[in-house]
Amino acid sequence: MSQFEVGNLKAWYGEKQVLMDVSVTLPSQGVTAIIGPSGCGKSTFIRCLNRMHELVVGARMEGRIVLGSEDIMSPEVDPVLLRRRGGMVFQRPNPFPTMSIRQNVLSGLTLTGRLNRSTADEVLEKALGDAALWDEVKDRLDTPGGGLSGGQQQRLCIARCLAVEPDVLLMDEPCSALDPIATARIEELIAQLRERLTVVIVTHNMQQAARVSDRTAFFLMGELVELSETTVLFTQPTDQRTEDYITGRFG
Amino acid sequence: MANEHTSSEYQAELNDLRERLLLMAGRVEEMIRLSVRAVVESDSKLAEDTILLDRQVNRDELEIDDLCLVLLARRQPMGTDLRFITRSMKMVTDLERIGDLAVNICERAKDLAALEQLRPYVRIPRMATKVQEMVHETFEAFIYADSQRARIAIDMDDEVDELYHQVIRTVLEVAGGNKEVYPQTVHVQGVAKLLERIGDHATNVAEQVIFMVDGTDIRHEGKLH
Numbered sequence: 001m002s003q004f005e006v007g008n009l010k011a012w013y014g015e016k017q018v019l020m021d022v023s024v025t026l027p028s029q030g031v032t033a034i035i036g037p038s039g040c041g042k043s044t045f046i047r048c049l050n051r052m053h054e055l056v057v058g059a060r061m062e063g064r065i066v067l068g069s070e071d072i073m074s075p076e077v078d079p080v081l082l083r084r085r086g087g088m089v090f091q092r093p094n095p096f097p098t099m100s101i102r103q104n105v106l107s108g109l110t111l112t113g114r115l116n117r118s119t120a121d122e123v124l125e126k127a128l129g130d131a132a133l134w135d136e137v138k139d140r141l142d143t144p145g146g147g148l149s150g151g152q153q154q155r156l157c158i159a160r161c162l163a164v165e166p167d168v169l170l171m172d173e174p175c176s177a178l179d180p181i182a183t184a185r186i187e188e189l190i191a192q193l194r195e196r197l198t199v200v201i202v203t204h205n206m207q208q209a210a211r212v213s214d215r216t217a218f219f220l221m222g223e224l225v226e227l228s229e230t231t232v233l234f235t236q237p238t239d240q241r242t243e244d245y246i247t248g249r250f251g
Numbered sequence: 001m002a003n004e005h006t007s008s009e010y011q012a013e014l015n016d017l018r019e020r021l022l023l024m025a026g027r028v029e030e031m032i033r034l035s036v037r038a039v040v041e042s043d044s045k046l047a048e049d050t051i052l053l054d055r056q057v058n059r060d061e062l063e064i065d066d067l068c069l070v071l072l073a074r075r076q077p078m079g080t081d082l083r084f085i086t087r088s089m090k091m092v093t094d095l096e097r098i099g100d101l102a103v104n105i106c107e108r109a110k111d112l113a114a115l116e117q118l119r120p121y122v123r124i125p126r127m128a129t130k131v132q133e134m135v136h137e138t139f140e141a142f143i144y145a146d147s148q149r150a151r152i153a154i155d156m157d158d159e160v161d162e163l164y165h166q167v168i169r170t171v172l173e174v175a176g177g178n179k180e181v182y183p184q185t186v187h188v189q190g191v192a193k194l195l196e197r198i199g200d201h202a203t204n205v206a207e208q209v210i211f212m213v214d215g216t217d218i219r220h221e222g223k224l225h
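Protein chains in written order, with this note's numbering: chain W, 1 to 251; chain F, 1 to 225.
So here's chain F without its partners, still in its complex pose (with noise of 0.2 Å):
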């Protein structure tokens, strides 16, 4: 999108879509940061505080879902502009429920404040780490149309599914047959469930980075048959 608009009000509804879209991502990037900390601290508090943030990737949702139906009506966009208001619908989609996965593991973080703390967490702040990274990574390449940079945080992906395969290890040790420590484990397996799963979401939202940038849907690449 190098040249700007012949309609200037057009080109800042565009504007407008691509800033709610970075706010809503910048959100969701931070309740993936605190609902891990709040997890690692045991701080319901945080956590609580945290799973009211969701309310606004929510209304983020809704407004950009309307802004999207808003240009589709009023602009017929074609070309890059097409690509990037349908995939916008898609992408929100995504985000919102990366903010949803935030707000379990933010109740998970209540669930496990309430109980000893087994040993000091380590692979579930990488993963946070990592996943964060993807999101970031994602609009990134968002940002500057790049979708190598998309690649990369697809990539990240395979790092986070053994990430949690570690995870799953580590609790399956720690637990050994000690049924008093299950519910710690079980909180701590579903933790790095969902985080595994914001990394899923953050995969789609990459894959439709490249589609808008280069027109190519690099969805189910290989698995149609």
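So here's chain W without its partners, still in its complex pose (with noise of 0.2 Å):
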């Protein structure tokens, strides 16, 4: 089980306060898109989910996060072993450009002593299969990642987050850097994951929202304003502040 329990999640960047007290269920498996205006906290959530936000100088978060059945809020927590049950894509591929397309597929399982050298081929072949790259770069498995296309570099980045095997995948704006084709191919990965990762996308394509999500959380400065079912949150939002934003008639 890899649900998000989120209870009154606060985080700040210095004085800052960016999100004001959210609390939210992400159920496991299915992709939630995050949608909101710049600034409206929706980065520093996804953030949170992994701990990443306290990576940053002087920022800090407090609240409940449970995935599963583990408080990931909890001290005893390792942020290095929690970012392995969940892997971040970002809005610039970024594939360690001097490792080969291998070594950056294994890197996760290699910097945390991990890879078994007798299965790394076969986790190396699974990973990329499951981002949809293997046909592409299985003849060039030994030529550095950063020769690949954009598209490709991206896709190569969500391989190294499930070389790792993780329950859930989170991306921050995955496409923004890409043309339409490459937005596909991606586009029709996370449909493929969503069967059996919880997959949490921020996007600042509504299109894209409506595309891939089976439910979409609306985020306005640092508070959850509404988390309903994609088809209805873009048809019949509950909440004006939603329904100006959708229909383009936010200030």
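Source of the hints: derived by calculation from the structure; they are not laboratory data. Where a beta carbon is used, it is the ideal one built from N, C-alpha and C, also for glycine. Hints are supplied without guarantee of correctness; some may be wrong.
[Claimed, not checked] Pair by pair, the computed Cβ-Cβ distance ranges are:
#1 W:V77 x F:L69: 51 to 61 Å
#2 F:D214 x W:M221: 49 to 59 Å
#3 F:L69 x W:E195: 42 to 52 Å
#4 F:D16 x W:D179: 29 to 39 Å
#5 W:E5 x F:D214: 47 to 57 Å
#6 W:E195 x F:D214: 32 to 42 Å
[What the hints assert, rightly or not] Simulated coverage check for chain F against chain W, where a stretch passes if three residues somewhere in it have a Cβ under 8 Å from a Cβ of chain W:
#7 6-18
#8 33-43
With the hints as a guide, dock the two chains, each given alone in a separate frame, to form the complex.
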């Protein structure tokens, strides 16, 4: 089970509070999209989910986040191990540029000392296969990851996340630097991963949220305004602020 | 749709769609009025002139459909805009059909004008007034985003149906087995049927207005199982 239970989550950058008091349940499996204007706290929220927020100097968070049965805010939780359960994909593809494709995919296992040489090839092929990249790179696994196209690099980053067999995939604007075809490939991938992973995707692109997600959350000024089934949120939102935002009537 | 759009161009396109729909509705309302007047006054010329108005209604349908398609493709509407645009595409079909039915009434008017009038028309103008009220009320509901008024329009359809049955009873009574007057009675019954169908299309439009305003689909209520 990899459901997120978030209770009274607050987050700050220095003195500035960016998440007010967010309580929400993100069910296991399926895709939850998070939308909202710049500065609404959506990226901060997703970064709290694997405690990346606290990596920023001066940033802090409080509240309760339970992933499955694990209280991830507990001081006993090792954030590095936590991030293995919930990998993150960023706006700009960030493969390790000098590492080969193979090394990139296996880096999570290598860096945590869990790489089993006898199964490495199998893990590599599975992760790249699941990221819909295997056929395109199988003949050049030892060339640098930085030599791939933007869309391929993003799928390489997804493969890198998948190699450590996470429960959760957190995606922060994963397609904003990609062309429509590369975007379609990532979206197709999300559709395949939703069966076995809890996917949370932050996107500025409402049409993308409408296309890929089961549920959509709308954030505004650090507050969660509405979380609904995606089909409902984009056709009959409950809150007037959501309506104004999705129809482009936002001031 | 209380607030203005951030994109003024998009807002202008939505306003344009709204105005075109209202103009089209105004035209079909007028066609109903004139077609029934042509019947009541046995005025073939008026019937001919009214038939010509349908060309503009047909053009309206094509232009509104085009505009909706462009809005869907270019703006990828959401929320109330999505409901408004998709419902407009459906409403326009009903409005165009109402125009066609008014044309059919005009054709009946021409046939009736060539025959001896049996008695003054009472219920036909009453039906027409009711149907016009339905169309009018529906579009007021549309303008003011007032689903209550759309429901009032829908309720009027029962009165239209009742008037239709009254016309049929009267027609049978007047004919009374006299084959000589069958052509007139058939045409009068035909006009009443056409008005009754206009009422049904107005009901469809009112249902679309309710969906647009409240997001509630009341079509086929209680009739799906």
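Verification of the supplied hints:
no.: 1; hint: W:V77 x F:L69: 51 to 61 Å; verdict: holds, 53 Å
no.: 2; hint: F:D214 x W:M221: 49 to 59 Å; verdict: violated, 28 Å
no.: 3; hint: F:L69 x W:E195: 42 to 52 Å; verdict: violated, 35 Å
no.: 4; hint: F:D16 x W:D179: 29 to 39 Å; verdict: holds, 33 Å
no.: 5; hint: W:E5 x F:D214: 47 to 57 Å; verdict: violated, 33 Å
no.: 6; hint: W:E195 x F:D214: 32 to 42 Å; verdict: holds, 35 Å
no.: 7; hint: 6-18; verdict: holds (count 3)
no.: 8; hint: 33-43; verdict: violated (count 0)
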